[in-house]
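Residue numbers (the working numbering), protein chains in the order written: chain A, -12 to 289; chain B, -12 to 289; chain C, -12 to 289; chain D, -12 to 289.
Honestly, the hints are just simulated from the structure, not real lab data. Hints may be right or wrong, so weigh each one.
It does not matter which identical chain is meant; a pair holds if it fits inside one copy or across any two.
Computed list of lysine-lysine pairs in DSBU-like fashion (alpha-carbon distance at most 30 Å, straight line) [unchecked claim]:
1. 17 - 198
2. 17 - 193
3. 236 - 217
4. 198 - 217
5. 56 - 236
Protein chains: 4
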Amino acid sequence: MAITLGPNQYGKAEVRLVTVRRDGPVHHLKDLTVSTSLRGELAATHLTGDNAGVLATDTQKNTVYAFAKEAPVGEIEDFGLRLARHFVGSQENITCARIKIDEHGWDRIGVGGEPHDHAFSRSGDERRTTAVTIQGGRAWVVSGIDGLTLLKSTGSEFAGFLSDPYTILQPTHDRVMATSLVAQWRFLTPLAEGPAAWDEVYAGVKAQLVKQFAVVQSLALQQTLYHMGKAVLEEFPQLAEVRLSAPNKHHFVYDLSPFGLENPGEVFHADDRPYGLIQATVTRSDAPDPGPARDLQQGWLA
Amino acid sequence: MAITLGPNQYGKAEVRLVTVRRDGPVHHLKDLTVSTSLRGELAATHLTGDNAGVLATDTQKNTVYAFAKEAPVGEIEDFGLRLARHFVGSQENITCARIKIDEHGWDRIGVGGEPHDHAFSRSGDERRTTAVTIQGGRAWVVSGIDGLTLLKSTGSEFAGFLSDPYTILQPTHDRVMATSLVAQWRFLTPLAEGPAAWDEVYAGVKAQLVKQFAVVQSLALQQTLYHMGKAVLEEFPQLAEVRLSAPNKHHFVYDLSPFGLENPGEVFHADDRPYGLIQATVTRSDAPDPGPARDLQQGWLA
Amino acid sequence: MAITLGPNQYGKAEVRLVTVRRDGPVHHLKDLTVSTSLRGELAATHLTGDNAGVLATDTQKNTVYAFAKEAPVGEIEDFGLRLARHFVGSQENITCARIKIDEHGWDRIGVGGEPHDHAFSRSGDERRTTAVTIQGGRAWVVSGIDGLTLLKSTGSEFAGFLSDPYTILQPTHDRVMATSLVAQWRFLTPLAEGPAAWDEVYAGVKAQLVKQFAVVQSLALQQTLYHMGKAVLEEFPQLAEVRLSAPNKHHFVYDLSPFGLENPGEVFHADDRPYGLIQATVTRSDAPDPGPARDLQQGWLA
Amino acid sequence: MAITLGPNQYGKAEVRLVTVRRDGPVHHLKDLTVSTSLRGELAATHLTGDNAGVLATDTQKNTVYAFAKEAPVGEIEDFGLRLARHFVGSQENITCARIKIDEHGWDRIGVGGEPHDHAFSRSGDERRTTAVTIQGGRAWVVSGIDGLTLLKSTGSEFAGFLSDPYTILQPTHDRVMATSLVAQWRFLTPLAEGPAAWDEVYAGVKAQLVKQFAVVQSLALQQTLYHMGKAVLEEFPQLAEVRLSAPNKHHFVYDLSPFGLENPGEVFHADDRPYGLIQATVTRSDAPDPGPARDLQQGWLA
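Isolated chain A (complex conformation) (with noise of 0.2 Å):
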C-alpha cells in the first residue's frame, strides 16, 4: 500500500470579463464570468513543488482576457471551445481542459421608444451557463440556465404520497408551486459540423421549460421536470440528456383561522429554509457516455 496523489485540477475561478463591441456608435456587451481548469500530468507540483510543468493561474486569467480582444468572444460555448482547445493545444502535459462560463445579461435601455445605442440595465438574476470539457481531441458541451425563478399560483398538486408515522402533511389539490430552476443540457458528442445553433437551443430550451412549468397540470414537481425534459428532448435531437435541480421554495397557506379569517389560496408565508430539492435527469436511451463532461469542479466535492 502506497500514498498517492488522486485524482487534481487547478484554474483560475471567476473570471469577471466585460466586452464592448462597438459597431459604430451602436455597443453591444457581453458580461462574462469564466472559470479555467486544467488537468494532466501534473504530479510533480504536487509531490515536490517542481512547477515546470505549471501554466499559472495568472497567466490562465491574462489568456481569457487576450482572447476576447484576439477575436469576437461570440457565443459562449464557442469562446469556452477556444479557450479549452488552446489550454491542451499549447501544453504537452495538460489532457483535459475545462472552461465553465456564466453569461449576465444586459437590457438595451430604451430612450423615446428608440433602443439606446450604448445604455443598458441589467435583464435579471437568471444566468445562462455553459461548461465545455476538451479530453482526447474530443469535446463535450453542457449548457444551461442558472436560478430561473417561477411560480404558479394554481395548477399544481401533491396528493396520493406515502404515509409514515412522521406524515402530518394533507394532500392538497392547489397549491403555489414556486421554484429557482438551474437546467443543464449536454449536446451528443461529437458535435454536429458546422456553426452550433448554441443560442437559439438556449432560447428554445428556456421557452419550454417556462411553458411546460405554466401548462402542466402538475401532480408533483418530479412530474413537472419530467416533462420538462422530455419537452427539450423532442424538440432538439442535438441533445442527449437534460438535467434539473428545482428547490421546491414552499409557499404556506397562512393560517388566520385565529383571527376568524378565512385563507382560501390568498395570503402565503414565503418560507427560506428548508426547501424541497427536487432532481431529475431525462434521456435519449441511446445517449452516448458523458464522459468526463460531468466530472466538472461542482462535482469535485462530496
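Position chains B, C and D relative to chain A; hints supplied.
Relative to the frame of chain A, chains B, C and D by itself:
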C-alpha cells in the same frame, strides 16, 4: 449624571408575504418583504422587563398577514400606511410606527403569445421599496428603488480632478460607467388629498432615472446623479427630495500590451472591491423638514 | 422654489487592506476593510461636472495603502483618525471626513504547543468596527462590534405582554434566546488627551456584552440590551452612549406531539425570517450631542 | 431511441436543527443543517405523477426532528447513518439514502473564569461536515471541514513555472498565501466494527491540515495540499482518501512606488475575484472504489 434609556424601537423584520388575488381564472401576484418598527413609551420593558406595553413581534407579523386578507394589499405605500396607522391607533403607548416594504416583481409568463392566467417568472433583481412613518397624526412616505443596475459603455468622462501626492489616476474622456443604484424619493407632507398616484410616480421616476443615466454625457457620477434627481423633481411636484446612492462599479480596461494587443475600450475587468460610493440628495429649497422620515431602521447605526 | 443640491458625500468603499508587520521572524497581521467618505463644498461636480475640487476615489484608496506603510496602522481608531485628518487637512473644500473600518480577526496557529511565527487562522465571523468623523476641528469616534452571535438555552422569558385580536403567542418562562448582536459605543467628545485605550475598551465592552447576556435572567430582549448598555457605561466613563441592534433569531420548539413525543425544550427549528429586531440606545443623561457622528454612510438612506 | 428518466433524487434540504441536551443545569448544544436525499424506484411520480412511492419531503423533515428526540443526536456521522438507514429500511422502493450534515460550532461563554452552564457564543465560520450514503446494505462516510480560513505571511514561494506568451507573473520566493480550505476525508468501507472515532478523526485531521499549512515551506499550493493529505492518511489508517479544494485568496503587494515608498511585503490588497482554485485528491493506492459516495447532491450538476 445618570444612565438612561435613549432612542429605541422594535418590530418584526422581513415578513415574507405573498398574496394571490383571484379574478376568476386570472390571478394577480404580490410578493412583499415587510418590516415593522414601533416607537413610544417603552421604558418599562427595557428597565424592568415589564412587558405590559409590548405588542409581541409575533403579533406584528400576524397583523401583516391578516391585513393582507382583510382588504386588498394594493400599492405598497397604502399597505404600509394601513399598518402604521393601525399600530399607532390601537396602542396608547406607541407614538410612532414605521413600515418598510420591498416589492419583488413578477412577470406573467407568455404561452403561445398570450399572457398566462396563473404562471409567472421573476422579473429581476431590482426591488420597489417604501418606508412609511406615522407620528403625531402625520404621515411621511419615502418610496424608492433598490438594485437598479445600469451600465453605459461610453458617454462617461472623468477628468480635471484634483491631484495630490497620492494621485495616479489618469483623466479619461471615455470610460465604462456602471452602478447598482438605490434611489429614494420623499413625498411632500401633508400628503395630497385623494388617492395618491404611487404607482405612476414609481414608474415615472424609474423611467427618468434610466433615461438620464443614458442621455446625460457624464463628466462625473455626481453630475449624473444630480441630473437624475433634478429631472425627477421637475416632473413630480408631489416630491420633496430625491436621495441617490450609487456604487461606482469599476470596469477597468485590461492591459493587453504585454501580449502585443491594443485595447481601445473593448476588454474590461469588472472589479468587486473597493468601489467608489457616490451619494447625493436633490431637494426643493422649500422642502419641509423630513421629521422622522429619515430616521429609520437602516439609519440606526453608524 | 428652486431645486438644489442637498447633503452629499463620496468616497471609496471597502478597501481590503492587509498588513504584515515583521518583528524579525515574528509577524503581526492586520486585516481591515476601510471605507472613506468626504463632505464639503462639492456643488460644482454635481451641478456642472467641474471636478476641480474632487479628490478621485482612486486617490483615496491609494492614500489608505500608503498611510499603512508610512506609519504603523496601529489600532483602527487611530488609523481612522489619521486618514480623516489628512483628508480634511489637505483639501480646502473638504470640511468633513468619515472613515469606517472593520477589523477581521486572526489567531496565531499553534504548532507543537507553540504559537507559530507567521501562520494564522481566521478567528471567526465577528468584526471589530469603528466609524471616525472629523469636522470643524473636532473628532467623533463610534466604535463597535458586528456579528457577535450569542445563544442561551434557558434563562430567558417572555410573558405579560399586550394581547390584541392578532395575538396568539403564548407567554413563556423558558425559551432559547439567540442573537447576532451589533453594538456601537460613542466616545465622549472632546476625546481624552493622551493615548486612548481603544483596545482595552473594545475588549472590556465585548466582555461586558457577553457577560450580561449570560447572567441576566432575561424577561425581554429589550431588558437584556438595556442591562448590557448600562453595564458598559458604568465601567467606561469615556463613553457617551451605547447603541445596540439585536435580531431575535427565533428558535421554535418543534411540535413532536403528532409523533407521540414530548419536547420539553430540547429540539428546535432555527428559523431564518422573519425575525424580531430590537434596537436600543443607553446613554448618559449629560451626553454631548452626537454632532455628525451618527449621520454616516449606512444611515444615508431610509 | 426513446426518451427516458435518468438518475434522480429528492429530499429536504437545509433543515435547521438545534438541540439542547440538559444534564441538570449544564446544557449541551448541537446546531446542525441537515439535508436528506433519497433514490430508488421513483419512475411513477416522474412519468405520471403517481406519488404512491413518494415519502413527502415534509415527512423527511419531521423525521429529522423526531429522530433528534428519540435518541441523542451524538456525532453527526452517527446521526446521518441512523437517518439514512431508516429511510432505506422503511421504504421498499428507496434503495439509496444520502444525508448531508453541517455542524456549526458554539463555545461555552466564560463568566468569572468559569464556563457558563447555558450561554454560548458562535465559534467561527468554519463548519464540520459529513455526507453519509447507505446503499445495498453498505455505508459510505465522507466527513470534512468547510471554510477553514488560513493565511501565512511568509514561507510560501511560487517559481519555476511555465512561461507562454500570456505569462507576465514574476516568480517569487516570499509571498502571502491564504485560503479558505474545504477538505473531505472518506472512511474505508466497510466501516470498522465498534464505535467509530468520528470526533477524534475530525480533531486530528483538522490539526494536521493546520499544522502542515504552517510548517511546510510551500513551493506551490498544490504541494501544500499534497502534504496535508499525505500527513492525514499517514495518521489515520481508517481513511481511504482525502480531497482538498483550496481557493488561492490572492494578497497582492500594493505598488507604493508612485508615492516614493518601498513595500517589501508589508502592505497588501486582498482581492476577491478571480482567484486560483487548486483541487487535489490524496489516496491510498489500494483504496476501495468510492461507490456512490462521491455522487452526492453537490455533484449533480456540471
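Against the structure, the hints come out as follows:
For the homomeric pair residue 17 and residue 198, the shortest alpha-carbon distances inside one copy (27 Å) and between copies (22 Å) are both at most 30 Å. In the homo-oligomer, the alpha carbons of residue 17 and residue 193 lie at most 30 Å apart both inside one protomer (19 Å) and across protomers (24 Å), since each shortest distance falls under that limit. Taking the closest pair of Cα atoms, residue 236 and residue 217 come within 30 Å of each other only inside a single copy of the chain (23 Å); across copies the shortest separation is 41 Å, beyond that limit. When the C-alpha separation of residue 198 and residue 217 is checked against a cutoff of 30 Å, the pair qualifies only within one copy, where the shortest distance is 13 Å, while the shortest distance between copies is 43 Å.
Within a single copy, residue 56 and residue 236 get their C-alpha atoms only as close as 42 Å, which misses the 30 Å cut-off; across copies the closest is 22 Å, which meets it.
This entry satisfies every hint, going by the numbered hints stated previously.
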